[in-house]
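Chemist: Each chain, letter by letter, is given below.
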Amino acid sequence: MSQAIFALSTIAIGVGGCILYFYASNLFLDKVLFPARGPNAGRNINRAEAVRPWLFLAPALIALGLYLAYPVVATAWLSLVKEQGATRNFVGLANYAQMTSESKFWESMRNNMLWLFVVPAASTAFGLLAAQLTDRIAWGNFAKSLIFMPMAISFVGASVIWKLVYDTRPVDQAQIGLLNAVWLQFGGGVWSVLFLRILPALLLAAIAVGLAWGVWALLRPVLGSGGSRGSLVVVLLRLLGAAVFAALAVVMLWWLVGVFTVTLPYGQPQTWLTIPFWNNFFLMIVLIWIQTGFAMVILSAALRGVPEDTIEAAIIDGANPFQIFFRIKVPQIMGTIVVVWTTITIVVLKVFDIVLAMTNGQWETQVLANYMYDKFFRAFDVGVGSAAAMVIMLLVTPILVWNVWNARKEMR
Amino acid sequence: MENIAGKRSALTWAVHISVVLLVLLWVVPTFGLLVSSFRTGDQIVSSGWWRAFGTQEQQLNPIRIAGEEKEVDGRFVIEGNLFGNSKTVISLWGTSSREPTAYQPGDTADLGDGQTLTVQENGDFVLTSATSTKDTRLPRVFATASAPPEFTIQNYRNVIFSPLAGQSIGQAFLNTLTVAIPATIIPILIAAFAAYALAWMDFPGRALLIAAIVGLLVVPLQLALIPLLNLHNWAAMTINETFGLTGDRALSGKGYLGIWLAHTGFGLPLAIYLLRNYMVGLPRDIIENAKVDGATDFQIFTKIILPLSFPALASFAIFQFLWTWNDLLVALVFLGTGNDQQVLTGNLVNLLGSRGGDWEILAASAFVSIAVPLLVFFSMQRFLVRGLLAGSVK
Amino acid sequence: MADLKLIDVAKGYGDVKVLSNINLDIKTGELIVFVGPSGCGKSTLLRMIAGLEKITGGDFLIDGVRMNDVPPAQRGIAMVFQSYALYPHMTVRENMSFALKLAKKSPAEINAAVDKAARILQLTPYLDRLPKALSGGQRQRVAIGRSIVRDPKVYLFDEPLSNLDAALRVATRIEIAQLKESMPNSTMIYVTHDQVEAMTLASRIVVLAGGGISQVGTPLELYERPQNEFVAQFIGSPAMNLLDGEVTATGAQTTVSLTGGGTAISSVPTRESDKGLKVRIGVRPEDFVPTDGTHIYQGTVALTEALGEVTLLYFQKDGDKAGIVAKLPGIHNELRGRVVRLTADPRKVHVFHDGKSLLYR
Ligand SMILES: Nc1ncnc2c1ncn2[C@@H]1O[C@H](COP(=O)(O)OP(=O)(O)OP(=O)(O)O)[C@@H](O)[C@H]1O
Ligand SMILES: [Mg+2]
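Protein chains in written order, with the numbering used here: chain X, 1 to 412; chain D, 1 to 394; chain C, 1 to 361.
Hint data in this document are derived by calculation from the structure and do not stem from the laboratory.
Predicted model only: the values in this text are computed from it and were never measured.
Hints are not guaranteed to be accurate.
[As the list claims (entries may be wrong)] As a list, the in silico DSSO-like pairs of lysine-lysine whose alpha-carbon atoms are at most 30 angstroms apart:
#1 153(C) / 104(C)
#2 5(C) / 329(X)
#3 31(X) / 303(D)
#4 116(C) / 104(C)
#5 329(X) / 317(C)
#6 329(X) / 348(C)
#7 105(C) / 116(C)
#8 329(X) / 27(C)
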């Protein structure tokens with residue numbers, strides 16, 4: 001009870017303090033510092049107007065500076081020093097060297113890259129699908145709010161929910177995890193072939209085709225004749241993107257072969273979270289499950305913003321529903337798709353709770369954020385932890401620059 | 001779209017079915033945990049939650065026969081019921097762990113040494129023996145019983161009221177509330193003023209500031225952990241030294257004040273960005289008209305902008321509330337791990353570590369922690385969506 | 001090559017009947033204009049022909065083939081939307097070639113068709129631009145070009161000029177007229193609010209009102225021999241004046257004695273039995289001429305509007321005398337406040353009973 005009173009009184013003090021600050025500082029400015037009367041009234045008003053924005057901004061600027069800007073600099077500094085006893089010594093890039101010599105770090109990097117490709121892509125794709133489908137049916141809003149619901153659930157709560165899904169019991173006991181229960185239904189028969197070979201194969205093939213299309217779309221302006229190739233940077237970026245896409249497409253095809261050649265351990269309950277490499281995907285599913293709702297809500301608004309008559313024109317032009325979707329609607333909401341994608345990318349880079357709660361980075365599921373947390377609070381190695389934090393910062397920097405660039409464009 | 005001539009209705013059906021599948025996929029995991037939270041620990045581990053609604057075929061723990069021995073016609077007889085009460089219905093039973101399903105209800109088992117055992121469907125048993133069974137170990141019955149669906153709220157009672165391993169969820173709930181509410185309200189106030197200045201006041205460097213805020217929007221808060229913790233510790237230490245606070249009264253670097261400030265700092269970029277976007281969209285005429293009428297900026301802000309910005313304020317409030325309520329990292333770092341400071345997410349992670357197999361506790365705890373955000377979500381979804389759109393589609 | 005036939009076509013949204021009993025025959029090469037008050041269902045009818053709205057009753061045939069359930073793309077139609085409906089992410093060339101690409105035409109064929117359409121519409125310099133880099137008039141031409149390349153049997157236009165300014169509207173109207181000339185074998189259906197567009201472009205006008213067709217005819221037919229009061233008032237500006245009266249003499253010419261005083265003679269023939277019939281006569285403002293003899297109308301000019309070539313005289317409503325408008329050639333501001341008597345050529349006096357013209361009995 002006393003805690004409730006404590007909390008309430010802090011709210012009162014905090015809010016009251018804020019209001020008092022804004023009110024009193026304005027009053028002080030207008031009545032005492034630059035009063036709008038006397039011989040200098042005109043000049044005073046101008047001065048007060050020049051100062052007032054900073055009064056309004058001051059608390060925010062202090063908080064932002066102290067809690068976001070300063071830590072970036074401080075972390076950068078911490079990543080270059082080593083605590084030796086009570087003193088801190090500048091060690092240059094030694095922390096980075098140590099970090100890059102750790103296999104756990106590279107494992108985190110690999111996993112983070114995996115997360116970076118899979119989660120935004122899958123969330124956006126599912127979100128787009130859900131948005132397009134639910135917009136066309138009467139009970140769409142109800143469906144939307146159910147798909148959106150995981151947004152409200154904490155990463156930890158979601159982890160518990162999915163841990164139950166992934167739970168494993170010994171062979172001779174009843175399975176209580178949904179995934180194992182489903183898995184044990186497969187025994188190598190027709191259904192197994194259909195669902196575990198053909199369906200994934202089709203999915204992989206579709207992804208590969210999508211990637212190939214991406215390669216083509218990226219290369220077309222570069223290869224095409226004419227002077228509209230754009231600057232060298234653009235060309236290089238396109239080539240880079242095309243190379244990445246092509247590599248991914250090859251991986252997809254590789255897996256496609258794998259789907260048909262792998263021998264599946266039918267009848268064996270699986271401990272999903274300990275299967276190296278693939279367990280990453282089981283963790284990602286949790287985040288995809290959460291982020292799809294977000295993508296869906298935003299993309300659905302964007303889809304509804306697509307002018308109805310362009311769709312009707314396409315119908316008259318003879319486009320089928322798929323062509324309308326991919327060639328008329330999707331290109332028109334490309335801007336929104338990019339925004340959704342980058343937003344989820346940022347979430348992915350910070351993902352920590354899910355890994356901590358589900359595997360704590362064991363079985364090769366470590367990610368950067370959790371690696372860093374490990375270094376900070378379990379190994380108490382501030383130097384390497386800070387170096388890891390800087391790597392995360394480095395990874396978001398392109399998005400940061402791009403965001404600022406866009407915002408600037410908008411401001412003009 | 002439905003009106004287009006010659007449109008196949010098969011496609012419409014495909015859409016309906018796909019949406020049903022999608023929704024199921026998204027709801028079933030949560031639903032599973034919800035169902036589990038109302039089952040006893042035994043039920044949870046002995047059958048999947050999806051069986052909870054049907055009659056349960058369940059292998060019971062072995063029950064050792066006990067009762068008063070009577071002598072009837074030269075044989076020693078013990079009569080009784082295996083369960084004492086019960087709607088439980090036995091479908092199969094046995095007398096050894098190797099063959100727990102050897103007999104049908106009503107069958108008589110020959111246990112050797114002249115002993116026979118009969119077990120009825122409702123658990124009534126009759127044990128007869130040629131010799132007295134006094135001071136011998138009576139046989140055990142392995143029964144497979146079918147029980148009707150049964151749900152309990154005992155798990156919730158347990159996690160909320162009785163501390164588990166010294167950690168009470170009820171307490172954690174209060175702690176979370178203590179973190180979340182001030183951490184929601186304070187940034188809104190600060191951000192609202194800043195957003196107004198950035199939207200409607202002219203001063204040099206405004207564009208630069210806006211760009212900076214957009215940049216800070218993506219700064220990972222992981223970066224802030226150690227420097228800020230150091231800062232908090234240093235601040236606490238300085239205060240302790242200047243005011244001579246020691247022992248119990250000494251401030252610690254970890255505490256509610258610290259986490260409120262941290263959440264405020266981390267929430268501000270989004271708050272300012274969202275609110276500024278919204279405020280810029282307010283009609284210029286209203287603001288200029290008020291200026292002509294002689295209102296000061298402070299009055300314009302409190303009398304005009306704040307009321308008009310209510311939707312944006314509400315949507316950010318929901319965001320920030322969900323975020324602070326659901327946060328784990330900031331709480332782990334800036335708040336102590338003591339009983340009076342642990343939040344729900346932290347508690348849940350601990351439970352996952354220490355009692356990972358106790359699903360009844362986990363499920364109930366998880367749902368206690370999810371309940372408030374879900375409530376907020378379903379009652380204020382409209383604002384949340386509006387906020388999302390204002391924040392991303394611009 | 002494309003005869004359209006609508007038989008008892010109807011449209012309802014649930015219980016709401018929007019259109020019913022639409023019967024219409026459209027011959028190859030005609031340019032049919034749909035006019036009518038806002039909300040009367042012009043767009044709906046056009047979209048039903050396009051296939052964008054399901055037809056809920058009756059039959060719609062193109063060249064004798066029932067089209068009710070044929071998807072839009074297979075009806076051989078092209079549509080130009082009021083808001084142009086250009087695909088914003090495609091260049092002009094891509095916009096125009098989209099339909100052909102979907103139809104799997106060869107690149108050579110596509111380029112030829114696009115280049116030809118671009119030449120006709122003077123769009124060649126803009127082929128590689130995105131729609132957002134075009135002016136309103138250019139966008140409109142791209143929209144038309146997009147339909148031309150498909151070489152459809154039927155062109156559908158839904159208020160294609162309403163987003164253009166006055167001068168551009170006239171220019172584009174003329175372009176459309178020329179386009180029509182150059183394609184004598186294609187049928188066009190055109191929805192508009194603008195009477196001038198309707199009168200100048202149409203080979204026949206369809207007046208829609210109250211959920212059905214009010215009258216179908218050439219522009220002059222509608223102007224000279226409206227079937228009912230609605231059409232009479234809808235066509236022409238300012239609207240036709242209507243005056244109540246009673247038939248006093250019948251025969252090859254009809255004499256009507258008007259309630260507000262005055263007598264009208266019309267060349268509409270009547271039967272002996274019509275004597276005493278309550279009727280309403282209609283005279284267009286431009287058909288009134290000042291007179292000293294027997295008058296149809298006599299009243300005080302309340303207001304004059306000199307438009308240069310003509311002057312509008314507004315007469316005030318006064319007791320059971322209706323307020324009317326007359327249009328006289330030249331400038332007549334001096335008539336304001338004066339009493340003026342007006343009459344009209346019997347051939348220009350329409351007679352309605354129960355809202356319907358006696359001419360069409
Ligand atoms: N989905 C619908 N449900 C019910 N009524 C509708 C629907 N769509 C249109 N209507 C009604 O159908 C009628 C005809 O609409 P339509 O758009 O064809 O009018 P219009 O003649 O083109 O008008 P305008 O000249 O203003 O474009 C209107 O009264 C409208 O209210
Ligand atoms: Mg219309």
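Chemist: Any of the earlier hints contradicted here, and which numbers?
Modeler: 2, 5, 6, 8
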